[in-house]
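Number of protein chains: 2
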Amino acid sequence: MEDIVYGRNAVLEALKSGNRTFNKILISKSVHPSEKINEIIDLSKEKGILFQFTAKENLSKYDEYNHQGIVALVSPIKFIELEDFLAKEHQNSRIVMLDGIEDGQNLGSIIRTCVCAGVDAIIIPERRTCPINSTVEKASAGAINHIDIIKVNSPISAIQRLKKSDWWIIAAEAFESDNYYDVNYNDMNFVLVMGAEHAGVSKSILKLADFKIKIPMLKNFNSLNVSNALSIIIFESVRQKLLSER
Amino acid sequence: MEDIVYGRNAVLEALKSGNRTFNKILISKSVHPSEKINEIIDLSKEKGILFQFTAKENLSKYDEYNHQGIVALVSPIKFIELEDFLAKEHQNSRIVMLDGIEDGQNLGSIIRTCVCAGVDAIIIPERRTCPINSTVEKASAGAINHIDIIKVNSPISAIQRLKKSDWWIIAAEAFESDNYYDVNYNDMNFVLVMGAEHAGVSKSILKLADFKIKIPMLKNFNSLNVSNALSIIIFESVRQKLLSER
Numbered sequence: 018m019e020d021i022v023y024g025r026n027a028v029l030e031a032l033k034s035g036n037r038t039f040n041k042i043l044i045s046k047s048v049h050p051s052e053k054i055n056e057i058i059d060l061s062k063e064k065g066i067l068f069q070f071t072a073k074e075n076l077s078k079y080d081e082y083n084h085q086g087i088v089a090l091v092s093p094i095k096f097i098e099l100e101d102f103l104a105k106e107h108q109n110s111r112i113v114m115l116d117g118i119e120d121g122q123n124l125g126s127i128i129r130t131c132v133c134a135g136v137d138a139i140i141i142p143e144r145r146t147c148p149i150n151s152t153v154e155k156a157s158a159g160a161i162n163h164i165d166i167i168k169v170n171s172p173i174s175a176i177q178r179l180k181k182s183d184w185w186i187i188a189a190e191a192f193e194s195d196n197y198y199d200v201n202y203n204d205m206n207f208v209l210v211m212g213a214e215h216a217g218v219s220k221s222i223l224k225l226a227d228f229k230i231k232i233p234m235l236k237n238f239n240s241l242n243v244s245n246a247l248s249i250i251i252f253e254s255v256r257q258k259l260l261s262e263r
Numbered sequence: 018m019e020d021i022v023y024g025r026n027a028v029l030e031a032l033k034s035g036n037r038t039f040n041k042i043l044i045s046k047s048v049h050p051s052e053k054i055n056e057i058i059d060l061s062k063e064k065g066i067l068f069q070f071t072a073k074e075n076l077s078k079y080d081e082y083n084h085q086g087i088v089a090l091v092s093p094i095k096f097i098e099l100e101d102f103l104a105k106e107h108q109n110s111r112i113v114m115l116d117g118i119e120d121g122q123n124l125g126s127i128i129r130t131c132v133c134a135g136v137d138a139i140i141i142p143e144r145r146t147c148p149i150n151s152t153v154e155k156a157s158a159g160a161i162n163h164i165d166i167i168k169v170n171s172p173i174s175a176i177q178r179l180k181k182s183d184w185w186i187i188a189a190e191a192f193e194s195d196n197y198y199d200v201n202y203n204d205m206n207f208v209l210v211m212g213a214e215h216a217g218v219s220k221s222i223l224k225l226a227d228f229k230i231k232i233p234m235l236k237n238f239n240s241l242n243v244s245n246a247l248s249i250i251i252f253e254s255v256r257q258k259l260l261s262e263r
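If you read the protein sequences in the order shown, they are chains A and B. According to my numbering, the first sequence holds residues 18 to 263 in order. According to my numbering, the second sequence holds residues 18 to 263 in order.
Just so you know, the hints here were simulated from the structure itself, not pulled from any lab data. Yeah, the Cβ is synthetic: ideal placement off N, Cα and C, and Gly gets one too. Wrong hints could be hidden among the right ones.
In silico PhoX-like pairs for lysine-lysine, Cα to Cα no more than 25 Å straight-line [claimed, not checked]:
hint, chain 1, residue 1, chain 2, residue 2
1, A, Lys236, B, Lys258
2, A, Lys231, B, Lys258
3, B, Lys181, B, Lys224
4, A, Lys236, B, Lys95
A few chain B residues that face chain A, going by a derived Cβ cut-off under 7 Å, partial list only [claimed, not checked]:
hint, residue
5, Ile230
6, Lys231
7, Met234
8, Leu235
9, Leu241
10, Ser248
11, Phe252
12, Gln257
Footprint (simulated), chain A over chain B, 3 or more residues, beta carbon under 8 Å [stated by the list, open to error]:
hint, region
13, 126-133
14, 157-167
Chain A with its partners taken away, still in its complex shape (with noise of 0.2 Å):
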């Protein structure tokens, strides 16, 4: 089994990651020069790793992807499990679950926020998830080589694992539920569930949630997008954090 990688950040940050193995580069012969392009190169080089530079027409069967002239042929992302993600040491730890999330563009947005705010894993459903693919890592501009990403099939069990090992859990839902910069986010391990855009977080995962939040409006308009939602969220968290630290 093979991905395909496209995109100079997308290439780049696999390449950095060092957790994927690259089977061959190929690099159009008419790609605009850039910091990025050399960088690829240089740790190719480094790393043993083959690059073609091609014509652009050798290119166009990747057409359907916006590659601008860097196509690389990768393994696939690699998955952690739960319980080797729980066996790891945790303090004031962070997971994001995503309960149905089916556009890729946002799965890929969100893996990008949660790289910046330093959350440890992203657990995602096998079922009703889009499949992480070539346009998941693109939106994620490499960030999904960044953070443990943990499969499970059962969400609810999920939950269970996690709460018998006292994480809290917090889920975004937007009735009846207390704002989100009123939970104190420090001094605990907990889990953040984010809903699919239309039909928010499941009955039966906001029964087992510890706490329900929203984000107060100032208009009423439908709803945020849930990629913008979860980043004000989360960041929320960050800044609580960092406060505590001064």
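Dock chain B against chain A, hints included.
Frame of chain A, contents of chain B only:
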């Protein structure tokens, strides 16, 4: 001139706003019945707008759009002049200015966040911005009908004009700047300037800024998507506003 608006949310919000003239609405006979489709039909009847149920094939010329079986032919978005906007009364008002956002998905998503956050207007330069088209309208989930959009020839002149009327200029910039949560957003009219995904806010605008702010990251990864960065900053101003009203 006529715009195509497609998808349930975008068509419904364009209808609700009352700001657009509808030529007609085409609904695929095979569309799944839903509350939103019913609302669209009821509103069309109420406003005397022509709607047609049509065979799926007749919508095929719109298949480049992800139209979910509904397409409307509508007058373009109306822009507002900066002077007309400034003539209104402003107290603790907020403008978002976009400096070179070229991705339609990002632009749509930013507009949606701005509406949820109660932002008063969005300023978009004529050049170096993607056109306000169907993709943007769809990505905004129709939010674009619920906020003043100001197109300007020169962002610099617009900023100088705003400064004359005592608006404060806040530019998002990754380096050498204050943390975004250390600014007091209350008690002033402000313009938040967000830069392009790669280039950031242009130097000439940074020179005019009263505050330069950054989002501190917990992991040194390249950066946030611009729409997520905007969401984090603008909802910090919402948080401060709501806390000050307690």
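Check: Among the hints numbered above, which are violated by the structure, and what are their numbers in rising order?
Finding: 5, 6, 12
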